[in-house]
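2 protein chains.
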Amino acid sequence: METKVLNRYFELLKLESVSSDPSKLKECTQTAMWLKAFVEEMGFTVALETRDFAPPVLIAERKGENPATVLVYGHYDVQPADPLEEWKTPPFEPTVKDGRVYCRGAQDDKGQLFAFLTGVGDYLDRQSVKGLPAPTIKLCLEGQEESGSPALIKMAPDLRKRLAADVMLVCDTAAAADLRPSIVAGLRGVCHFTVKLTGVNRDLHSGEYGGVAPNAALGIARLLATLHDEKGNIRVAGFMDGIEAPSAEEIRLANESTPSKEDFRKDIGTDTVAENLAEALGFRPTIEVNGIHSGYGGAGSKTVIPAVAIAKISMRLVPGQSPRRAIDCVKRHLEEHCPAGMKVEFPEEAEGAGGFRLPIDSPVFRLAAEVLKEMDPRGAVFQWDGASIPVVSVLKEVSGASPLIVGWGQAEDRIHSPNESYGFTQFGKAREWARRILENV
Amino acid sequence: METKVLNRYFELLKLESVSSDPSKLKECTQTAMWLKAFVEEMGFTVALETRDFAPPVLIAERKGENPATVLVYGHYDVQPADPLEEWKTPPFEPTVKDGRVYCRGAQDDKGQLFAFLTGVGDYLDRQSVKGLPAPTIKLCLEGQEESGSPALIKMAPDLRKRLAADVMLVCDTAAAADLRPSIVAGLRGVCHFTVKLTGVNRDLHSGEYGGVAPNAALGIARLLATLHDEKGNIRVAGFMDGIEAPSAEEIRLANESTPSKEDFRKDIGTDTVAENLAEALGFRPTIEVNGIHSGYGGAGSKTVIPAVAIAKISMRLVPGQSPRRAIDCVKRHLEEHCPAGMKVEFPEEAEGAGGFRLPIDSPVFRLAAEVLKEMDPRGAVFQWDGASIPVVSVLKEVSGASPLIVGWGQAEDRIHSPNESYGFTQFGKAREWARRILENV
Chain A
1 METKVLNRYF ELLKLESVSS DPSKLKECTQ TAMWLKAFVE EMGFTVALET
51 RDFAPPVLIA ERKGENPATV LVYGHYDVQP ADPLEEWKTP PFEPTVKDGR
101 VYCRGAQDDK GQLFAFLTGV GDYLDRQSVK GLPAPTIKLC LEGQEESGSP
151 ALIKMAPDLR KRLAADVMLV CDTAAAADLR PSIVAGLRGV CHFTVKLTGV
201 NRDLHSGEYG GVAPNAALGI ARLLATLHDE KGNIRVAGFM DGIEAPSAEE
251 IRLANESTPS KEDFRKDIGT DTVAENLAEA LGFRPTIEVN GIHSGYGGAG
301 SKTVIPAVAI AKISMRLVPG QSPRRAIDCV KRHLEEHCPA GMKVEFPEEA
351 EGAGGFRLPI DSPVFRLAAE VLKEMDPRGA VFQWDGASIP VVSVLKEVSG
401 ASPLIVGWGQ AEDRIHSPNE SYGFTQFGKA REWARRILEN V
Chain B
1 METKVLNRYF ELLKLESVSS DPSKLKECTQ TAMWLKAFVE EMGFTVALET
51 RDFAPPVLIA ERKGENPATV LVYGHYDVQP ADPLEEWKTP PFEPTVKDGR
101 VYCRGAQDDK GQLFAFLTGV GDYLDRQSVK GLPAPTIKLC LEGQEESGSP
151 ALIKMAPDLR KRLAADVMLV CDTAAAADLR PSIVAGLRGV CHFTVKLTGV
201 NRDLHSGEYG GVAPNAALGI ARLLATLHDE KGNIRVAGFM DGIEAPSAEE
251 IRLANESTPS KEDFRKDIGT DTVAENLAEA LGFRPTIEVN GIHSGYGGAG
301 SKTVIPAVAI AKISMRLVPG QSPRRAIDCV KRHLEEHCPA GMKVEFPEEA
351 EGAGGFRLPI DSPVFRLAAE VLKEMDPRGA VFQWDGASIP VVSVLKEVSG
401 ASPLIVGWGQ AEDRIHSPNE SYGFTQFGKA REWARRILEN V
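These protein sequences, in sequence, are chains A and B. Just so we're aligned, residue 1 is where the first sequence starts under the numbering used here, counting upward by one. Just so we're aligned, residue 1 is where the second sequence starts under the numbering used here, counting upward by one.
By construction, these hints were calculated from the structure, which means they are not laboratory data. Treat the hints loosely; a few may be bogus.
[To be verified] In silico lysine to aspartate or glutamate, EDC-like type, Cα no more than 20 Å apart, as pairs:
#, chain 1, residue 1, chain 2, residue 2
1, B, Lys-196, B, Glu-335
2, A, Lys-14, A, Glu-93
3, A, Lys-231, B, Glu-335
4, B, Lys-196, A, Asp-271
5, B, Lys-26, B, Glu-11
6, B, Lys-154, B, Glu-397
7, A, Lys-261, A, Asp-178
8, B, Lys-36, B, Glu-61
9, B, Lys-343, A, Asp-271
10, A, Lys-63, A, Asp-122
11, B, Lys-196, A, Glu-85
12, A, Lys-343, B, Asp-271
13, B, Lys-88, B, Glu-16
14, B, Lys-231, A, Glu-336
15, B, Lys-97, B, Glu-11
16, A, Lys-343, B, Asp-267
17, B, Lys-343, A, Asp-267
18, B, Lys-196, B, Glu-345
19, A, Lys-231, B, Glu-336
20, B, Lys-231, A, Glu-335
21, A, Lys-63, A, Glu-439
22, A, Lys-196, B, Asp-271
23, B, Lys-196, A, Glu-86
24, B, Lys-343, A, Glu-230
25, B, Lys-26, B, Glu-16
26, B, Lys-261, B, Asp-271
27, A, Lys-343, B, Glu-230
28, B, Lys-231, B, Glu-279
29, A, Lys-396, A, Asp-158
30, A, Lys-196, B, Glu-85
31, A, Lys-14, A, Asp-82
32, A, Lys-196, A, Asp-328
33, A, Lys-196, B, Glu-86
34, A, Lys-396, A, Asp-166
Starting from the given sequences, assemble the full structure and let the hints guide the process.
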């Protein structure tokens, strides 16, 4: 990679654009400003749109001579870095080791986005030399994807005209094993909320009150234990209603692109994973507990009966489920199963977006498959990704574009975890993909 | 209260003697030094005994002319102050309001201990004026009671001679409602351990892995939910074996001294408390979860599958249960119920001590009842306290003394909770009790 590109990449990574932390709004804004300057150099006309003290949304356009219009979506915000003590190098200090860059956001999505934009630059450089007609290119880069994109989703209806396009390119997903190209044919939706369980009016002495007072730590445990049965099946009434089952062809293709159980077990270090990996990840919803906190957690002991417990709950959704209904079902379930003497509340919530699946024989997918075959003789696989880019469903509707979601992540990147990284080979693929697909639109 | 006494009390409270926090060892040692100077002024010969980097144990003696020997036990360590944000005044800055002193340790046990020692001083002053023969008074004041007294329990067998006494006075418990005097006829034992549950090898992205990877936050919830049935009854095999049932007379007396359900509900702010309060608190064991921590707990969301969860577990024990066996039963239960794909470990443990009950018609109890009747025409009630002073069982055996446990706490003191306090009236009672019982031994 050229030194100039590497320096720019590192500048971008050092900005601590954690969208879920309100105290990092300044860093998020700086990141948007940085991107604005970067794409202005490539000839884009740029506006930063803000709403409700959210990180700015960058909307940009570069008019082309070719009648086609391409929309590029990406996000510049990153996950929080904690647990900090598990990072081997500082989380916002990019560090190169064995052909990889270690940093929060090295991949998701600052790294993939920056590689893709670098490829857009490569295309424009060549195109100007060759004098070929370029398509109109639009950019929509936001800073709240990791928090469910509330501001962009809110402003989206007003952006119909400015975002109207034929194809929407998204580089925020993983390739298949061994970096085999992958086209995402479906994404799960996501929504989340916080549950707060309150028992007594203060933390109590476990001797003076133990055996008679309700315990919020034990209460949250008993409450969350009701969400699934022993086999992990969801037990929430109404939650699974209306789910659209995948076709036999979708299941066959999804199985092809899903790592083996053996690889999966090795990757995550456990001997137990679900049956039917591809189906569980691509076509079935989840209710996950992302955190539980209650009472004492330090060294030694503190013999209290905790008064309060909180849990962070998120759901991955599949076509046929609406986020609103899914949240309501789980909340109702928790209210109905609230332990005696306690009170359940929901102080935070984000509706996110539903999941979607795309027809696998569309013209856009056929074109992408050809381009990817040129890049890699193995050709592309289709993936139904278990993850979510809630805003993609929204932008799909608003822009009228066909989503073309091709990313170059790998499991070893450890996105959302400590020691996130992105390999130079992957960076090169994302960059090449951007250039090639623009050459063929 | 005399200014001199109040100043001394505040000096003692300001020392942050949190024994469970190894970084506070210096403050604990300073507190022991402070007490050493304080009791030397009263004519005691003092030694500070240390073991294994634990806060020092203060052993002191003041020889008397009377053949009786009285041992006074107390502790100068306090509970951690967290959650800090719930304190209305700084936790280690004693603050007087409406006849009460607010501070961590204002009551438990620096406040009660200091009031008692002030009463010992009052007795010695009067006795020297009147020329009456005083008993030999021994002190055993330690700094690890809130952590299960490991150092003192370890050194106790070597202290048989130095602690030998006829009566052991302990001022570390509560009076009955409306400050009616109370003699503790039984204490529950206590022991605790930490459980750590590990699922995968790192926090995972809940989209990329949700539905197939085991979730430690959900796992700890499901695991802890197996400890009790829906009604709160303990479901751990072997845990309840061998428990000594109380006599009808003990139950009758315990009911007399236990607050009403109505008072209890008001005190702790919940509409649900156990049936048979007196029995549940005095004669039945518990398994409590003092804390659960796993995954994300901040603002917004972080859609991870947590790799690790910890829970702090403590048990209150009754006669017939050994701490070793109780811990082993619960650990075995947790191992047997460990969710698939996860690993359960126990990184910390403290055996503490078992519970005990004393015969209610002993000569010492009859004497105490007379003295307390002089102090309060309502006379004393007997209490079977749900709390624990593990070291008392050990000192009872080592010293050969009959425990006489009379304290002046009240529910409003909120010991172990934020905004702990102690009333001047209560302080005066503890002080008067010390003087009067010494006059009558």
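These are the hints, each one checked on the structure:
1. Note on Lys-196 of chain B and Glu-335 of chain B: the hinted pairing holds, with a Cα-Cα distance of about 11 Å set against a maximum of 20 Å.
2. With a C-alpha separation of about 6 Å, the suggested pair Lys-14 of chain A and Glu-93 of chain A falls inside the 20 Å cut-off, and the hint holds.
3. Annotation: proposed proximity of Lys-231 of chain A to Glu-335 of chain B holds, straight-line Cα distance about 18 Å (limit 20 Å).
4. For a cut-off of 20 Å, the pair hint linking Lys-196 of chain B to Asp-271 of chain A stands: about 18 Å separates their Cα positions.
5. Proposed proximity of Lys-26 of chain B and Glu-11 of chain B is supported: the alpha carbons are some 16 Å apart, at most 20 Å.
6. Restraint check for Lys-154 of chain B and Glu-397 of chain B: the C-alpha separation of about 13 Å stays at or below 20 Å, so the hint holds.
7. In summary, the hint linking Lys-261 of chain A to Asp-178 of chain A is supported, as the alpha carbons are separated by about 16 Å, within the 20 Å threshold.
8. A hinted pair counts as satisfied when its Cα atoms are at most 20 Å apart, and Lys-36 of chain B with Glu-61 of chain B qualifies at roughly 11 Å.
9. Taking the CA atoms of Lys-343 of chain B and Asp-271 of chain A, the gap is about 11 Å. The hint holds against a cut of 20 Å.
10. With a C-alpha separation of about 17 Å, the suggested pairing of Lys-63 of chain A with Asp-122 of chain A holds against the 20 Å cut-off.
11. Restraint check for Lys-196 of chain B and Glu-85 of chain A: satisfied, since their Cα atoms lie roughly 18 Å apart, inside the 20 Å limit.
12. With a CA separation close to 11 Å, the supplied pair Lys-343 of chain A and Asp-271 of chain B stays within the 20 Å bound.
13. Among the hinted pairs, Lys-88 of chain B with Glu-16 of chain B is consistent with the structure: their alpha-carbon atoms are about 17 Å apart, no more than 20 Å.
14. Only pairs whose Cα atoms come within 20 Å are accepted, and Lys-231 of chain B paired with Glu-336 of chain A is accepted, the gap being roughly 16 Å.
15. Proximity of Lys-97 of chain B to Glu-11 of chain B is assessed by CA-CA distance (about 18 Å); at most 20 Å being required, the pair is judged to hold.
16. Taking the CA atoms of Lys-343 of chain A and Asp-267 of chain B, the gap is near 17 Å; set against the 20 Å cutoff, the hint holds.
17. This hinted pair checks out: Lys-343 of chain B and Asp-267 of chain A have alpha carbons roughly 17 Å apart, not beyond 20 Å.
18. Among the hinted pairs, Lys-196 of chain B with Glu-345 of chain B is consistent with the structure: their alpha-carbon atoms are about 5 Å apart, no more than 20 Å.
19. Straight-line distance between C-alpha atoms of Lys-231 of chain A and Glu-336 of chain B comes to about 16 Å, which keeps the hinted pair within the 20 Å bound.
20. Restraint check: the Cα-Cα separation between Lys-231 of chain B and Glu-335 of chain A comes to about 18 Å, which is no more than 20 Å; the hinted pair holds.
21. Restraint check for Lys-63 of chain A and Glu-439 of chain A: the C-alpha separation of about 15 Å stays at or below 20 Å, so the hint holds.
22. The suggested pairing of Lys-196 of chain A with Asp-271 of chain B holds, with an alpha-carbon distance near 18 Å, which does not exceed 20 Å.
23. Taken as a hint, the Lys-196 of chain B and Glu-86 of chain A pair is honoured in the structure, with Cα atoms around 17 Å apart against an allowance of 20 Å.
24. Among the hinted pairs, Lys-343 of chain B with Glu-230 of chain A is consistent with the structure: their alpha-carbon atoms are about 17 Å apart, no more than 20 Å.
25. Distance hint between Lys-26 of chain B and Glu-16 of chain B is fulfilled; the C-alpha atoms sit about 9 Å from each other, no more than 20 Å.
26. Pair hint Lys-261 of chain B plus Asp-271 of chain B holds up; C-alpha atoms about 10 Å apart against a cutoff of 20 Å.
27. The suggested pairing of Lys-343 of chain A with Glu-230 of chain B holds, with an alpha-carbon distance near 17 Å, which does not exceed 20 Å.
28. Proposed proximity of Lys-231 of chain B and Glu-279 of chain B is supported: the alpha carbons are some 16 Å apart, at most 20 Å.
29. Restraint check for Lys-396 of chain A and Asp-158 of chain A: satisfied, since their Cα atoms lie roughly 14 Å apart, inside the 20 Å limit.
30. Taking the CA atoms of Lys-196 of chain A and Glu-85 of chain B, the gap is about 18 Å. The hint holds against a cut of 20 Å.
31. Between the alpha carbons of Lys-14 of chain A and Asp-82 of chain A the distance comes to roughly 16 Å, so the proposed pair stays at or under 20 Å and holds.
32. A threshold of 20 Å between alpha carbons decides the hint, and for Lys-196 of chain A with Asp-328 of chain A the separation of about 16 Å falls inside it, so the pair holds.
33. Between Lys-196 of chain A and Glu-86 of chain B the alpha-carbon distance is near 17 Å, which keeps this suggested pair within the 20 Å criterion.
34. Annotation: proposed proximity of Lys-396 of chain A to Asp-166 of chain A holds, straight-line Cα distance about 10 Å (limit 20 Å).
This entry satisfies every hint, going by the numbered hints stated previously.
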